[in-house]
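Participant: Residue strings, one per chain:
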Amino acid sequence: MEFCVSLAGVPVRVVHKYEHIRALCNDYLTDEEPIVTVFATDEEIEAEYKLTSGEFPLEICEGTCIHRAATRALVKYGVMLIHSAVITVDGEAFVFMAKSGVGKSTHIRLWQKVFGERAVVLNGDKPYFTFENGVLYAHGTPWRGKEFLGCNIKAPVRGMCLLHRGAENEISPATSRDAVGQIFHQVLLPQDGADMAAFMMMMDKIVRNVPMYNLYCNMEDDAARVAYNGMKGN
Amino acid sequence: MKIKEGFVLHSVGDENVVVAIGKMTKKFRGMIRLNSTGAFIFRQLEKETDEKGIIDALIAEYGIDEQTATTAATTFVSQLKDAGVLDI
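Each protein sequence line maps, in turn, to chains A and B. Numbering of the first sequence is given in our numbering, commencing with residue 1 and proceeding in unit increments. Numbering of the second sequence is given in our numbering, commencing with residue 1001 and proceeding in unit increments.
Do not take every clue at face value.
[Said to hold, decoys possible] Pair by pair, the computed Cβ-Cβ distance ranges are:
1. B:SER1078 with A:GLY54: 28 to 38 Å
2. A:GLU33 with B:ILE1088: 30 to 40 Å
3. B:ASP1014 with A:GLY145: 30 to 40 Å
4. A:ASP31 with B:ILE1088: 56 to 66 Å
5. B:GLU1051 with A:ASP221: 51 to 61 Å
6. A:SER100 with B:LYS1023: 41 to 51 Å
7. B:GLY1084 with A:ALA194: 50 to 60 Å
8. A:ASN133 with B:LYS1052: 48 to 58 Å
9. B:GLU1061 with A:GLY145: 45 to 55 Å
10. A:VAL102 with B:THR1074: 24 to 34 Å
11. B:GLY1022 with A:ALA167: 22 to 32 Å
12. B:ASP1087 with A:LYS232: 44 to 54 Å
13. B:ALA1083 with A:SER176: 33 to 43 Å
[Unchecked claim] With a straight-line cut-off of 20 Å between C-alpha atoms, the simulated EDC-like cross-links for lysine to aspartate or glutamate are:
14. B:LYS1026 with A:GLU170
15. B:LYS1027 with A:GLU59
16. B:LYS1026 with A:GLU48
17. B:LYS1026 with A:GLU147
18. B:LYS1023 with A:GLU43
In short, the hints are calculated from the structure, not lab data. Don't be surprised by glycine CBs; every beta carbon is placed ideally from N, CA and C.
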């Protein structure tokens, strides 16, 4: 079975075995001629199944493997995955990176509560990023994490936060060293040498051009206000 | 000695990072960060050289004395060996 999706603006043919991935991609279907084909082999699906100790059925594992294949294939087209949660307010994207379990989803829920209809969750787990005319854009993807947060939109990135838990809410600019250390943990490194070079150039462009912050926050509404005001320069 | 095939150095922001490519990605995941001197020595080791070659290059590049250059070269080469990045 196969279908075509537009991922971060790139038409991709997905060849698949299980229904799950087709349903997941429903909002991303396109009539455009695909320029990339991705699929997962039985061996890859089986390996993923074993890696997650059978926690997820094979059809979910196929979705994960296809995501990985798409992410690797899209590097050539200037598309990068950064494992993060992205919320937009008034059309601008705010990106939150953190170690697993710190509370990215919880934090963006606070934004929804504080900003109401002005806030739209772009993606809760695996957004893609591209540069257009020197501006970094975040793109929604079919892979939205356990809570299925996100939709098929794109938005220019206003700022990126390295999220930490704190007693008080505090935001401050992050050093290049902090930013590189954190982003490296949130990406899928390419294997091919030319892809790696392109990938590193994009990461360099992100670190040099996009404002990066350390955000220490608790789970109160004020955390969203402090983060927003800090990134808006208010 | 020489850097093993499959290890590459890139600069990201103000950081120098070494990552694996190709078959080496099966053995090495993650990254090694280098300061600017480390990156300079890594570049020397991308072609076959020895400690003497590195020490001479350090003296020429930074205008430091031989003792300082020797300490820097020996320490860094030993760290690269431990990290499994160097073919000796």
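Participant: Does each hint hold? Answer for all of them.
Facilitator: Outcome of the hint check:
1. B:SER1078 with A:GLY54: 28 to 38 Å: Given range 28 to 38 Å: violated, Cβ gap about 44 Å.
2. A:GLU33 with B:ILE1088: 30 to 40 Å: violated (52 Å)
3. B:ASP1014 with A:GLY145: 30 to 40 Å: Holds - the Cβ-Cβ distance for B:ASP1014 and A:GLY145, about 32 Å, lies within 30 to 40 Å.
4. A:ASP31 with B:ILE1088: 56 to 66 Å: holds (57 Å)
5. B:GLU1051 with A:ASP221: 51 to 61 Å: For A:ASP221 against B:GLU1051, whose Cβ atoms are near 60 Å apart, the range 51 to 61 Å holds.
6. A:SER100 with B:LYS1023: 41 to 51 Å: Given range 41 to 51 Å: violated, Cβ gap about 29 Å.
7. B:GLY1084 with A:ALA194: 50 to 60 Å: violated (24 Å)
8. A:ASN133 with B:LYS1052: 48 to 58 Å: Holds - the Cβ-Cβ distance for A:ASN133 and B:LYS1052, about 50 Å, lies within 48 to 58 Å.
9. B:GLU1061 with A:GLY145: 45 to 55 Å: holds (48 Å)
10. A:VAL102 with B:THR1074: 24 to 34 Å: Violated - the Cβ-Cβ distance for A:VAL102 and B:THR1074, about 40 Å, lies outside 24 to 34 Å.
11. B:GLY1022 with A:ALA167: 22 to 32 Å: For A:ALA167 against B:GLY1022, whose Cβ atoms are near 46 Å apart, the range 22 to 32 Å is violated.
12. B:ASP1087 with A:LYS232: 44 to 54 Å: Distance hint for B:ASP1087, A:LYS232 holds at roughly 51 Å.
13. B:ALA1083 with A:SER176: 33 to 43 Å: With a Cβ separation near 23 Å, B:ALA1083 and A:SER176 fall outside 33 to 43 Å, so the hint is violated.
14. B:LYS1026 with A:GLU170: Violated - the C-alpha atoms of A:GLU170 and B:LYS1026 are around 40 Å apart, more than 20 Å.
15. B:LYS1027 with A:GLU59: Violated, at roughly 29 Å.
16. B:LYS1026 with A:GLU48: holds (16 Å)
17. B:LYS1026 with A:GLU147: Distance of about 32 Å is beyond 20 Å: violated.
18. B:LYS1023 with A:GLU43: holds (18 Å)
Hints 1, 2, 6, 7, 10, 11, 13, 14, 15 and 17 from the earlier list are contradicted by this structure; the remaining hints agree with it.
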